[in-house]
Amino acid sequence: MSSHLQSILDFVKNSVSLTEAEKESLLKSIKEADKTQTLLLFKLERIEKDRHTLSVMLEESIEDLQKKSRVIEEANKTLTQTLEELKATQAQLIQSEKMASLGELTAGIAHEIQNPLNFVNNFSEVSNELIDEMKEELDKGNKEDAKAIADDVKQNLEKINFHGKRADGIVKSMLQHSRTSNNKKEPTDINALADEYLRLAYHGMRAKDKSFNAAIKTDYDESIGLIKIISQDIGRVILNLITNAFYAVMEKKKFQSAEGGYEPTVTVGTKKLDNKIEIHVKDNGTGIPQKALDKIFQPFFTTKPTGQGTGLGLSLSYDIVTKGHGGELKVETREGEYTMFSIILSL
Amino acid sequence: MKILVVDDEKDVQVLFEQRFRKEIRNKEMEFAFAYSGEDALEYLNELHEAVLILSDINMPGMSGLELLRHIKEKHHEPPPVVMMITAYGDADNYNTAMKLGADDFLTKPLEFSLLKEKLKAIN
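Those protein sequences? They're chains A and B, same order as listed.
Read in order, the letters of the first sequence correspond to residues 27 to 373 in my numbering.
Read in order, the letters of the second sequence correspond to residues 140 to 262 in my numbering.
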């Protein structure tokens with residue numbers, strides 16, 4: 027019993043002014059008060075213990091959380107670094123895809139330059155001989171013959187100039203293809219662009235696979251005019267679509283008998299619509315099976331044997347057309363019969 | 140001697156006409172031109188006779204080798220002399236051309252003086 031209650035108890039016991047009945051009742055109340063106090067003290071002690079346990083646990087939790095936070099911070103750092111690395115790898119992959127398609131082009135480009143160069147050499151050699159002949163005619167006084175020869179020489183010089191420019195254009199387009207895009211949209215003759223890449227792709231394919239041969243059809247809409255595009259990017263898309271088309275017809279040809287009457291055909295065309303233009307590349311090759319159709323624009327998806335395709339061609343093409351030009355890249359196909367890709371650009 | 144030149148490069152015509160201007164003037168040689176294998180066959184089928192055919196191998200559509208096969212399979216006696224010309228002077232092309240009955244195989248760029256000698260030897 028606490029000392030205060032004890033003093034009250036003593037006081038009540040020794041009091042003379044209280045009756046025995048009053049004392050009895052008061053002593054009972056004091057004992058009750060003592061019981062309650064003991065119980066409360068016990069409860070308090072228990073709560074005190076709980077509080078202590080809680081505070082220990084809380085401290086532990088805080089420590090734990092701090093540890094975890096440090097781990098997360100570390101992980102975050104690693105992830106950021108990995109993301110940077112991934113971005114760099116992606117840039118490298120895009121570059122190597124570009125170089126791979128440039129490699130495919132190189133043989134075509136060499137062939138395309140060889141032809142105009144042969145003309146430049148031949149026409150200049152012939153002109154040299156013609157000048158000698160012209161002098162002879164002049165010496166003989168045959169002014170009319172000399173004039174006729176002069177006309178031929180003039181025509182040859184025009185041809186030399188024409189073929190020189192042709193070679194120049196090919197070299198320029200090659201440089202354009204390998205250069206990283208400057209992202210500038212410039213008015214471009216889509217028909218000329220498509221035709222140029224068609225020729226390069228054809229000769230590139232021909233140089234890589236000597237048995238390659240396909241009928242090439244073109245269907246250009248001459249009313250199309252100049253379209254504002256990043257020409258080397260759209261050029262890459264066209265090149266990719268044509269190379270795929272060539273691959274599809276070659277694959278189909280492999281499984282045809284020699285006299286099966288299959289004529290590999292690739293058609294490249296353009297069309298002016300209301301406020302849009304369309305560039306399409308169609309082939310009568312293997313077509314795309316339905317189950318592959320959903321995946322063709324996904325990065326790294328390829329049906330080619332390992333090592334032959336990066337699986338980035340169509341995915342990059344899709345990005346160039348949609349993100350780079352706000353256009354659409356559509357595909358229409360029937361397995362075993364045909365595939366047609368269409369690039370649709372707004373004017 | 141009538142010579143059919145088959146090449147998808149149209150300027151080949153002007154070039155041959157100038158390279159062989161003396162022979163043409165002296166009527167030693169006569170040239171005809173076709174710009175595809177299909178055109179060449181059409182020309183031959185219309186009974187234009189050519190003693191000698193000079194064909195590029197690498198052309199869009201019907202290749203020079205296919206043209207050669209058609210000519211050697213279907214054409215009259217004596218079959219015309221066929222010389223193949225190509226920018227791709229690889230062994231495969233050469234072997235295929237020879238197997239199909241080509242009489243000669245030349246690589247681009249053409250040596251015109253050499254070609255002239257070969258043509259005169261046939262004449």
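Be a bit skeptical, because a hint or two may be false.
The calculated SDA-like cross-link candidates involving lysine to any residue, where the alpha carbons are at most 25 Å apart (straight line), are [as the list claims (entries may be wrong)]:
#, chain 1, residue 1, chain 2, residue 2
1, B, K255, A, S150
2, B, K149, A, T291
3, B, K161, A, N144
4, B, K149, A, K279
5, B, K247, A, L164
6, B, K257, A, K161
7, A, K173, B, V153
8, A, K243, B, S175
9, B, K149, A, L164
10, A, K191, B, K255
11, B, K247, A, Q181
12, B, K259, A, E222
13, A, K243, B, K238
14, B, K161, A, N154
15, B, K149, A, A193
16, A, K279, B, N234
17, B, K149, A, D177
18, A, K279, B, R208
19, B, K255, A, V179
20, B, K161, A, L164
21, B, K259, A, N154
22, B, K257, A, N154
23, B, K149, A, E151
24, A, K280, B, K259
25, A, K180, B, R208
26, B, K161, A, E163
27, B, K247, A, D235
28, A, K243, B, D178
29, A, K161, B, K166
30, B, K255, A, K198
31, A, K280, B, H209
32, B, K149, A, K161
33, B, K255, A, S153
34, B, K247, A, E155
35, A, K198, B, K247
36, A, K243, A, K173
37, B, K257, A, E46
Just so you know, the hints here were simulated from the structure itself, not pulled from any lab data.
Cross-check of the supplied hints:
Among the hinted pairs, K255(B) with S150(A) is consistent with the structure: their alpha-carbon atoms are about 18 Å apart, no more than 25 Å. A C-alpha spacing of about 23 Å is found between K149(B) and T291(A), which places the hinted pair at or below 25 Å, so the restraint holds. The straight-line distance between the Cα atoms of K161(B) and N144(A) is roughly 21 Å, inside the 25 Å bound, and the hint therefore holds. Among the hinted pairs, K149(B) with K279(A) is inconsistent with the structure: their alpha-carbon atoms are about 30 Å apart, more than 25 Å.
Between K247(B) and L164(A) the CA atoms are separated by roughly 35 Å; this puts the pair beyond 25 Å, and the hint is violated. A distance of roughly 29 Å separates the Cα atoms of K257(B) and K161(A); the hinted pair therefore is violated under the 25 Å criterion. Distance restraint check for K173(A) and V153(B): the Cα-Cα separation of roughly 18 Å lies within the 25 Å cut-off, and the hinted pair is therefore satisfied. Between K243(A) and S175(B) the alpha-carbon distance is near 14 Å, which keeps this suggested pair within the 25 Å criterion.
For the hint pairing K149(B) with L164(A), the CA-to-CA distance comes to about 32 Å; that exceeds 25 Å, so the pair is violated. Note on K191(A) and K255(B): the hinted pairing is violated, with a Cα-Cα distance of about 29 Å set against a maximum of 25 Å. Under the criterion of a C-alpha separation no larger than 25 Å, the hint pairing K247(B) with Q181(A) is consistent with the structure, at around 23 Å. A C-alpha spacing of about 39 Å is found between K259(B) and E222(A), which places the hinted pair above 25 Å, so the restraint is violated.
A distance of roughly 30 Å separates the Cα atoms of K243(A) and K238(B); the hinted pair therefore is violated under the 25 Å criterion. With a CA separation close to 15 Å, the supplied pair K161(B) and N154(A) stays within the 25 Å bound. For the hint linking K149(B) to A193(A), the alpha-carbon distance of about 16 Å falls within 25 Å, and the restraint holds. A C-alpha spacing of about 21 Å is found between K279(A) and N234(B), which places the hinted pair at or below 25 Å, so the restraint holds.
A threshold of 25 Å between alpha carbons decides the hint, and for K149(B) with D177(A) the separation of about 19 Å falls inside it, so the pair holds. Among the hinted pairs, K279(A) with R208(B) is consistent with the structure: their alpha-carbon atoms are about 19 Å apart, no more than 25 Å. Our distance criterion of 25 Å between C-alpha atoms is met by K255(B) and V179(A), whose separation comes to about 22 Å. Straight-line distance between C-alpha atoms of K161(B) and L164(A) comes to about 18 Å, which keeps the hinted pair within the 25 Å bound.
Note on K259(B) and N154(A): the hinted pairing holds, with a Cα-Cα distance of about 23 Å set against a maximum of 25 Å. Between the alpha carbons of K257(B) and N154(A) the distance comes to roughly 23 Å, so the proposed pair stays at or under 25 Å and holds. Distance check on the hinted pair: K149(B) and E151(A) sit about 19 Å apart at the alpha-carbon level, within 25 Å; holds. Between K280(A) and K259(B) the CA atoms are separated by roughly 43 Å; this puts the pair beyond 25 Å, and the hint is violated.
In summary, the hint linking K180(A) to R208(B) is not supported, as the alpha carbons are separated by about 40 Å, beyond the 25 Å threshold. A hinted pair counts as satisfied when its Cα atoms are at most 25 Å apart, and K161(B) with E163(A) qualifies at roughly 14 Å. Proximity of K247(B) to D235(A) is assessed by CA-CA distance (about 19 Å); at most 25 Å being required, the pair is judged to hold. In summary, the hint linking K243(A) to D178(B) is supported, as the alpha carbons are separated by about 16 Å, within the 25 Å threshold.
Distance check on the hinted pair: K161(A) and K166(B) sit about 24 Å apart at the alpha-carbon level, within 25 Å; holds. Proximity of K255(B) to K198(A) is assessed by CA-CA distance (about 36 Å); at most 25 Å being required, the pair is judged violated. For the given pair, K280(A) sits about 22 Å from H209(B) by alpha-carbon distance, which is consistent with the 25 Å threshold. With a CA separation close to 29 Å, the supplied pair K149(B) and K161(A) exceeds the 25 Å bound.
Using a Cα cut-off of 25 Å, the hinted pair K255(B) and S153(A) holds, with the two alpha carbons roughly 18 Å apart. Annotation: proposed proximity of K247(B) to E155(A) holds, straight-line Cα distance about 21 Å (limit 25 Å). Among the hinted pairs, K198(A) with K247(B) is consistent with the structure: their alpha-carbon atoms are about 24 Å apart, no more than 25 Å. Under the criterion of a C-alpha separation no larger than 25 Å, the hint pairing K243(A) with K173(A) is inconsistent with the structure, at around 42 Å.
For the given pair, K257(B) sits about 158 Å from E46(A) by alpha-carbon distance, which is inconsistent with the 25 Å threshold.
Hint check: violations occur at hints 4, 5, 6, 9, 10, 12, 13, 24, 25, 30, 32, 36 and 37; the rest are consistent with the structure.
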